[in-house]
Structure formats: C-alpha cells, structure tokens
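Kindly produce the complete structure, drawing on both the sequences and the hints.
Number of protein chains: 2
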Amino acid sequence: MNAVTSVMEAEGRWVPAMPELAARARAAARVLAQSSSETRNAALRHAAAALRERQDEILAANALDLAASTAAAAFRDRLTLTPARVEAMAAGLDDIAQLPDPVGRVLAEWTRPNGLRISRVATPVGVIGMIYESRPNVGADAAGLCIKSGNAVILRGGSESLQSARAIHGAMVAGLRAAGLPEAAVQIAPDTDRRHVADMLGAAGQIDLIIPRGGKSLVERVQREARVPVLAHAEGLCHTYVHEAADPEMARALVVNAKMRRTGICGATETLLIDAAVAPALLPGIVADLAAKGCAFKADARARAILPDLPAASEADFGTEWLDAILSIAVVDGVDDALAHIARFGSAHTEAIVTEDAEVAARFLNGTDSAVVMWNASTQFCDGGEFGFGAEIGIATGRIHARGPVGLEQLTTFRYEVIGTGQLRP
Amino acid sequence: MNAVTSVMEAEGRWVPAMPELAARARAAARVLAQSSSETRNAALRHAAAALRERQDEILAANALDLAASTAAAAFRDRLTLTPARVEAMAAGLDDIAQLPDPVGRVLAEWTRPNGLRISRVATPVGVIGMIYESRPNVGADAAGLCIKSGNAVILRGGSESLQSARAIHGAMVAGLRAAGLPEAAVQIAPDTDRRHVADMLGAAGQIDLIIPRGGKSLVERVQREARVPVLAHAEGLCHTYVHEAADPEMARALVVNAKMRRTGICGATETLLIDAAVAPALLPGIVADLAAKGCAFKADARARAILPDLPAASEADFGTEWLDAILSIAVVDGVDDALAHIARFGSAHTEAIVTEDAEVAARFLNGTDSAVVMWNASTQFCDGGEFGFGAEIGIATGRIHARGPVGLEQLTTFRYEVIGTGQLRP
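Protein chains in written order, with UniProt numbering: chain P, 1 to 426; chain V, 1 to 426.
Derived by calculation from the structure, the hints in this document are not laboratory data. Treat the hints loosely; a few may be bogus.
With beta-carbon atoms standing in for the labels, derived distance ranges [unchecked claim]:
id, chain 1, residue 1, chain 2, residue 2, range
1, V, R78, P, G388, 47 to 57 Å
2, V, A281, P, V31, 26 to 36 Å
3, V, A358, P, V31, 15 to 25 Å
4, V, A343, P, V106, 20 to 30 Å
5, V, T82, P, D357, 51 to 61 Å
6, P, R177, V, R117, 37 to 47 Å
7, P, G388, V, L307, 55 to 65 Å
Remember, it's a predicted structure, so these values are computed and weren't measured experimentally. Cβ coordinates follow ideal geometry from the N, Cα and C atoms, glycine included.
Here's what the structure looks like:
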C-alpha cells in the first residue's frame, strides 16, 4: 500500500490502485482458501487482541477524523469511536472466531449410476469489495466475516473515517500476520478518491462480489454502476398486513413492535396495511398505541374515514422509507389487495402478515417477491443475529446468490467435486 | 409483440421494446411463481404437442432462415432444423415435465430459541434473459427449463435464426395458453436489432438474470457489459493433470477420453499436465494413442525433450481453448506446479487429476478456483445430464449463485419464511 500511495503522491496524477490491490487480494484469497479453520480463527483472535492493544492509537486516529469532520450530529455519532465501541469490535471478532467454519461444508452429495461420486462443497467466494460509509466498525466486522469465510476483502470506507479505518485496518493486518496469513487478505483503499469506488465497481473478474453498506444513494449508485455482482439492499420498505382474521391483541402488539422498537433499521415496518373488515374495530387502538410512543401517521382516504384526524398520505408517501417514527397506513380489501400494494410499493425486503388463517397466510407468504416473509412475527426480526447466523455483513434484496440477512454461509460459493475410478464418458 | 413491432416499423425510429417486454415478463413471473407444478408441466406437454403439430410450419420458417443465410457449413448445420430435431425439442420438453419440481423445496429449516420457525424455501428467480446464437432449439430448451422453474423468460436468438425462433416461440406460447398460464411467460425480442441485447444487458431490476449461450465473443461481451447478473462461461480451458502416482493405464484412457471423445464441447481437456517423474515413461504412450485418433499437439520444451517430434507450444497456446483435436502439453514438477499452471492459464471451468494418492488428490481438488474438479474421471463428464440434473441451460464459471452445470435447481433462488406466534423483538 505504501508503494501505491507514494506513487500517487509523488507523481500527482491518478494511478489506479485497484488492479494492484485486486491482484494481491486474489493471491491472498488462494492462500486463505486453503488455510485451516484454526489458522483463520487465530487471525481473528489476534486481530481482536490488536484492537484492544491499540485502543489509544485508534481513538487518536478517530479524533483526527472527528476534528476534520463538519458533519451533523447524527453522522458524527456514527463516526465516533469510544473505548466501549473498540471493545465491541474486538468482542465481535472473538465471537466470529467461535462460529462454525462455513468453508468445506458438503452441501449435497450423490452417486451416479456409473459410480461417479459427486459432491457440492462450500468454498470461499474469493475477493470481496466492501464499500461503506461513516461507521468505522463496519471495516472490522466485514474483515472478520471475510477472514472467517476464507475471502480476501478490499475495504473502501467513507472519506470522513479514513484515519479511523486505517488504524482499524492496521489491527486486522497484525492479526493476519500473527497467524501467518497473507496481509493482503484485508486491504484498504489507499486514499479517499472516489475513483477507487468506480474502479471497484468495474473490476469484473478481479473482485468477485461487492457489498455496499450505507445510505440509499450509495447503494443505488453501486447497484446502478457495478459490473461486479452486488449483495445489498437500497431500502427496506417493509409492510405489516393485518388480515381480517388477525388476533386483535397480537396485531396491536406486533404493529407497535414492528414500527417503533427501532425506527431507523431496514427491517422496521414503514406501512401498515389493514383489512377493511377489521379496520374500524382495530385501527383506533393500534393508532392510539403508536401515538402514545410518539409515532406520526400518513393515512389513505379509507383510513381517514375511520380516523379523520390522521394526516393524509400522498401516493409518494407509500413509496417512502421513513426510517423514523412515521407510519403510512392503507386500508385494503383482503390478501390479494395487500399483495398488489406490496408489489407496487415494496422493496422486496421483509413483509409480515398477521392472521389466524393458515390458508391466507400461505397465500401471502408465497405471493410477494420479498427476501423475507413473516407470519405473526415482527418485521424487526429480519436480522442475521435473530436468524441465528451469529453475525451479518448486510441484508440483500436482490434475487441472485443470497437474499435476506447475509451471514457467513452467504459469503461462500461452492464447487463440484467429482470422484471416479477411471470412468470414461461414453 | 405485434403492437411493439408495429410501432417500430410505423415510426421508423428506435423504440426500445425491452421495458415493455420486461414489465409483461414480471407480471407473468408473478403468476408463474404461484402456479402449481401440474399447471407448469401441462404447459410443457402442450408446448411439446404444439411443436409436433407445427412441424411443417417450423421447418418452413427454418427454410426461410437458411435461404437468407450466407454462413459457412458448420454454422448452417447448427441453424438447420429437421423433423428429427423438432421431435428432439418436443421430447426434451416432455422430459423436463417429468423432472421433480425445483420450486418450493425446503432448503433448510430451524427453530429459534424464541420459537420462531425459519425456513429457506426455493423460489423462481423471476425474469430471465436468454441470449443465444444460431441453434434454434436453444430457445425451446431454455423456455422449457424456465417454465418448469417458474421463471418468465425473454428470448433473444441470433439474427440468422429469427424466423425459426419465432415459429418455436409460437409453439411455446400455445402451450402456455392451453395450460392457462400467461403468454408473456415466454417472450421473444421483436426483431434482430442489436440494441435489444444492449437493453437486456442494462435492464437491472427488470431482468434478474441473463444467460448467454454461444461463442466466446458473445459471452465475453455479455459479461463485460451486463449490469444484470450473468450465468455463463466464456470458455472451457480444462486441464487433465497426470500425477506421478497415477495408474498408467487409467491415465492413458482418461486423457484420450477427456481430449478426443468430443473435441468441440466446453468440458473437453485442452491441456495435459504431466509430472516430470513419469513423463518419460507415460507420455509416449499417451501421445501415440491420441495421435492414432487424429490429435495434434503443442508441447513445451520439457515434453519435447522426451518426444522431439512434437511441435513447440508458445505461451499463448496454453491460453487457447482449441475446441479441436489439438492438445497442449506441459511437463510439471508436482501438484503445486500443476496448480500454478492452472491458476495462470485456466478458465475456472473443469480440471481433473489422475492419481492413486488421496492426499495429493485432496490438495488438487482444494487448490483451484474452478467450478468443477475431478479425481480419476474424464473432464468430459462436466455436463448437466451426466451430473443427473436431467437438463441444463448452460455451464457457469462465475463465483456467484451457481457454478458448473446450470440445471433447474440453479434457476431458483430462495426466500426466508418466518413463522411466529406473535413474537416481538426485544
């Protein structure tokens, strides 16, 4: 990396760093793919130790980032590291070290009539590009998950967090070195030039998978421009649908949890759909519960016919991911109408139905394009930890390779192993 | 489609057809995803019947294509339909109808400590774009696999086969109609304008997956330009490595089969790697067997030291997919040297080792980036039928979603279904 930065700085012109970083990453990935589970776990534990040992250095780097930042308070909070946050990063790596090895799992095996034994075996993807924004801890989490799953990773953090990202990267490299693994298994873009992002997005064949973490505009840019496969979600416009056969108390509790437990996460419900048959009876109570917790509303005409004080929703409101204490409300006529609303406005993230009718539930579960569908559960459960994955690198709403929470298993691909005794193809 | 073509023809200017085709495909895909296995199988059998009933019409359309074609003999052969080839297409659809339904398979299921039951269920991908060259039967095969797996497909065949492709498409639509499924489940680009290909490649979010079938230049263009995930292989530069602990007779038979059974398929071996320790003893016999079958050679200096009459290989020869009765030969020093050669020149398709040493075999199987690795078997076995998939739509060498032969299972993705009893996230 020093060689790369010094070339760039010395000559004062744009020298693409990605081809070199990607070539080193590929070489490192080959070593990682053949390393033992124990070695990769050792690297994770050494990196955790290095984070703890270097806490002062990391906080000092973070102070430089904060001093240079002119961002608003919420952004500054995400950027800020504290002793507790450094410890949380280290503990996260220790936790990842304890998870089962996702590499080498036999996903399927069978024997052909000619005696060939065929198996599908989980392997690392190869080289992963991680593009993220302000939170410096994303770099440590992503690097940890990639090392565990035998992938090399190239990190490109936000420009505001460069010093913090470099300090964290140093600890990850120390961990790799202590375990005898190649340092290029975790690399970081040498500076914050946006052209590195463009180069990553165009690096087909060099980077195998790009995972963007950040706001909608970042993710949409990546999805629009990438010529490399992308795992991501641009938004989580999640729906909870209260069917006419819903248990009223369950519906009330689920909607409040799905909307208000944490309003800023992608699995938070943004729109309540409620059947016309039960809306007069249930909507007032649900709205009262939500209002008591500080929620505001955007309601369609049919909901306002029941509760005239609710503010009117525009068409655009139903396509808005609020990420805030605001709920869009529409009254619908049964499950097909609810599914049509979701098909029109949804983001293929997470949708839930509340009903006691198993047949209707099955129709709903099978009727969306969404990565995660739920029956009588809170959409806030869409989370790698809650799914039992131990850790997640993001949530994907695309249709290829992985969907929903992306954990260690989803950072693997597979190869076919064919074992014969000299079979010739006729 | 007639509406689309008439607008284009009437106005004499470029009107993109893809957005409209893709929107119809998405609507059709939603219906298909919820259709029963029986309905989709009925569509396949009706389409097979329609192909048989319309044989004369299809052959007449094909005669128009042939009359307009100025292509060379090999190309004309691929373009030519005969009664037997029409029957083979129909029989292929009947066969696909009898395969197990890939949709709805429960890929995994578990229960969380809070009682949430989570399952990963196979679902159709959605809308697939199939870009292929001369062989008109690819349209029927691809449409059949897509209908079976609940996907809508947009076909874009070669310009030389347009009339044939339209006639075949008509039979597929007749099958869908007879089964009560939407006709837009199988659509065809309205004309042979190359801009339709560009529009397909750029249709992120509208087309979910593109599968190109054809020559290297077509596939490489698709891989380079697509902003939609692609399943493909640009080439199959497959290696067979004869390790020093190989059974000599098995090695001889496997190399001959891997190279010469059919030289034009992507799983044919293009390069023989042979250990220096056994090359003097084994290479003369292998070369004699191959030469007797008409094979020519390109050999490195170490192989020519053993057999001076072999023509010399250039560096570029080892990177050439011959698809012909030509074999590149290199002498190597053990498994790591063989793996280094494959890493440098291979195309991540299929590689085989011949050895009686299980430890070395394991090292080889784990040491490539290739989609398929074999031990004591012919690389010609890399084929969906030979793998037991029943049918294949192509072979993929990328790292994401699917690798190796792409059959019905690989045309599915999944969703998570989360079933609760009112659980709230703490």
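Taking the hints in turn, this is what the structure says about them:
At about 50 Å, the beta-carbon gap between V:R78 and P:G388 stays in the expected band of 47 to 57 Å. Distance hint check: the CB atoms of V:A281 and P:V31 are about 34 Å apart, consistent with the given range 26 to 36 Å. A hinted range of 15 to 25 Å holds for the C-beta pair V:A358 and P:V31, which are about 23 Å apart. As the Cβ distance of V:A343 to P:V106 is approximately 24 Å, the hint placing it in 20 to 30 Å holds.
Hint check: V:T82 to P:D357, Cβ distance near 55 Å, so the stated range 51 to 61 Å holds. Range check, P:R177 to V:R117: Cβ separation about 44 Å, and the 37 to 47 Å hint holds. Look at P:G388 against V:L307: about 59 Å separates their beta carbons, and that is inside 55 to 65 Å.
Checked against the numbered hints listed earlier, the structure breaks none of them; every hint is satisfied.
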